[in-house]
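J.: Listed here are the chains, written in short residue letters.
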Amino acid sequence: MKKLLISAAVVAMALGGTQAHAAGKLKACWVYLGAIGDMGYTFQHNEGLKQVQKELGDKVETVFVENVPEADAAGPIERLARDGCAIIFTTSFGYMEPTIQVAAKYPKVMFEHATGFKTAPNVSTYNAKFYQDRYVQGVVAAKMSKTGIAGYIVSFPIPEVVMGINSFMLGAQSVNPNFKVKIVWVNTWFDPGKEGDAAKVLFSQGADIITQHTDSAAAITVAEEQKKLGFGQSSDQIKFGPHAQLTAAVDNWGPYYVRRIKQLLDGTYKQAESWDGMAEGTVTLAPFANMPDDVKALAQKTADDIKSGKLEPFTGPITKQDGTTVGEKGKPLPAGDILGMNYYVKGIDDKLPQ
Amino acid sequence: MEQFYAIAITIVGASTPLLIAALGELVVERSGVLNLGVEGMMIIGAVTGFGAAYVTGNPYVGILAAIFGGMLMSLLFGFLTLTLLANQVATGLAITLLGIGLSALIGENLVGKQITRVPNFQGVDILIVFSFILVGLVSWFLFRTRYGLMVRAVGDNHSSAHAMGFSVIGLRYACVAFGGGCAGLAGGYLSLAQTPQWVENMTAGRGWIALALVVFATWLPQRLLFGAYLFGTISILAFTVQTFGWGIPSQLLSSTPYLVTVVALVLISRNKRLLTANTPACLGQAFVADR
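Line by line, the protein sequences give chains A and B.
Per my numbering, numbering through the first sequence is continuous, rising by one, with the last residue being 354.
Per my numbering, numbering through the second sequence is continuous, rising by one, with the last residue being 1291.
The set of hints was computed from the structure by calculation and includes no laboratory data.
What you are looking at is a predicted structure, and each value in this text was computed from that prediction instead of being measured.
For every residue, glycine included, the Cβ atom is placed at its ideal position computed from N, Cα and C.
Among these hints, one or two may not hold up.
[What the hints assert, rightly or not] With the C-beta cut set under 7 Å, the calculated list includes, among others, these residues of chain B facing chain A: (1) Ala1006; (2) Ala1008; (3) Val1012; (4) Asn1087; (5) Ala1090; (6) Asn1109; (7) Thr1240; (8) Gly1247; (9) Leu1252; (10) Thr1256.
[What the hints assert, rightly or not] With beta-carbon atoms standing in for the labels, derived distance ranges: (11) Val1266/B with Leu264/A: 56 to 66 Å; (12) Gln354/A with Val1288/B: 51 to 61 Å; (13) Tyr1060/B with Pro287/A: 34 to 44 Å.
[Claimed, not checked] In the BS3-like style, the derived pairs of lysine-lysine whose C-alpha atoms are separated by at most 30 Å in a straight line are: (14) Lys329/A with Lys262/A; (15) Lys1113/B with Lys50/A; (16) Lys310/A with Lys296/A; (17) Lys54/A with Lys1113/B; (18) Lys1113/B with Lys239/A; (19) Lys296/A with Lys1113/B; (20) Lys118/A with Lys331/A; (21) Lys146/A with Lys351/A; (22) Lys25/A with Lys54/A; (23) Lys270/A with Lys301/A; (24) Lys227/A with Lys1113/B; (25) Lys320/A with Lys270/A; (26) Lys50/A with Lys262/A; (27) Lys180/A with Lys146/A; (28) Lys227/A with Lys296/A.
This is chain A alone, in the form it adopts within the complex (with noise of 0.2 Å):
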């Protein structure tokens, strides 16, 4: 909060003219769905804009705007176009739309859209492979658990989501292919109650490790609580389940802010449709933590051979739910086939919310 007021009172400042531009550093702005504190994926956002000061702070100027909801995003949006950002990194799915709308009025200002897939000639999308840690994590999941059930904790069925599920469970197959995946949807991204209370419902059903889609730690504080096992999501959050975390999927974003916002200093900006993974950082995974030493092997053998493109989750042929495979044999899945994937694959006992 104390954060916001002072982003306020720099938008606020730069009200007053372009003097920001005068003194000759760039402006880079975010647009937040939720709050810096979440601990997860807004707090991995922020921590990027962190890199980016650190790293490039004699020259560019950094603004944030935090808790934005997705419906009123234009307001928000527009008002840093008009307050002289040179680029906007607007950072979650549903901010597809508003951002289009505003890039169409404001064609000198870079727009970069986290996670969607609609572009223009001043809007770039970035996107990283989540699906890959989950990868990691399934095989993690298949070793570690006793019951042979992990709980999934999920949001919303965008492919985004389903992606990591599918991916999850190839993982666990790849160690024990009669593995169980129980899904429960929260229909919400943030509900530290409800997410709870989801994972305590997994536990009781018989999963003995939770994973999440959701953004708060609510999942791993119960896994601790409940002397269970459990993966932390966007963010490290070995602190709410020092005896619970597994690894966690971290999102570094930095890396790619930084590059972005050096390209368009030096002039070599050009509009793009990023899709990092781990090859390039983006996609991290936090240190092993609770398990033997044989499953920690074999966790960083898989993370190192999906890194090194040895080893890539969606590799073909892959047998959806229904029986019916796609992809070629031994070929990976084309980008946009993960992309807009909205199918489970084979062995998940839920039937995707359409």
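Dock chain B against chain A, hints included.
T.: Okay, now just chain B, sitting in the frame of chain A:
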């Protein structure tokens, strides 16, 4: 059996904060005051409770701090609406917005901190037990004591109550403070017992559900108990059903707690005479003493 128990205790955990917050608001509304700031008072309770438990290392101190935090917010509401006669609806909304912002500010350094949670026996903690006692206490107070009668009189017709020599403003202040304490405690339940952690916005709209429950329960404590547990039960069962993999659309399951609770409570309050008798007639009206 173990499975059933685990589900049951999760249901109790989900229902308890709604019940406590709603009971407080019920008393407030019975006295003729509409405080829409439940969400704001809850979130302040959650952060002050967590903060106190973190600093002192004692969750019971946290509980007291949660009550205190909620109460302070409600007294601010009371001062604005009862003393300065500000509009209750607008002030209540302002209290919610203030609470969410202020709690984020207070809690900035509490994110990710660990506390000792409120101890429990097989999942049952002191606050769950207390919530049931509170239902009985509120019911007894409102309908079996002289002060309860006075509160209801003030809520139904503040001019007459004033003419009879009751202190309308004094009683309303007391009720507002009680409501704030309950809301704070409900928030504290979330951060100290249910998912012991602090994150911004962690109440995530529970204050509004509590508010709605009060109206649908026609201002009767027993019905509130029913409503809160119905809501909690359906929410948790909706999750449980999903784990069976029956393929029921999850969006439908997520909306069932709201649908079922509204329908059930509307059905039980069909009796118009009973409804009129229990609705505080002066709800939301400012009181100015003539002389």
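J.: Flag every earlier hint the structure violates by its number, smallest first.
T.: Hint check: 2, 3, 4, 5, 6, 9, 10, 14, 23 and 25 fail, others pass.
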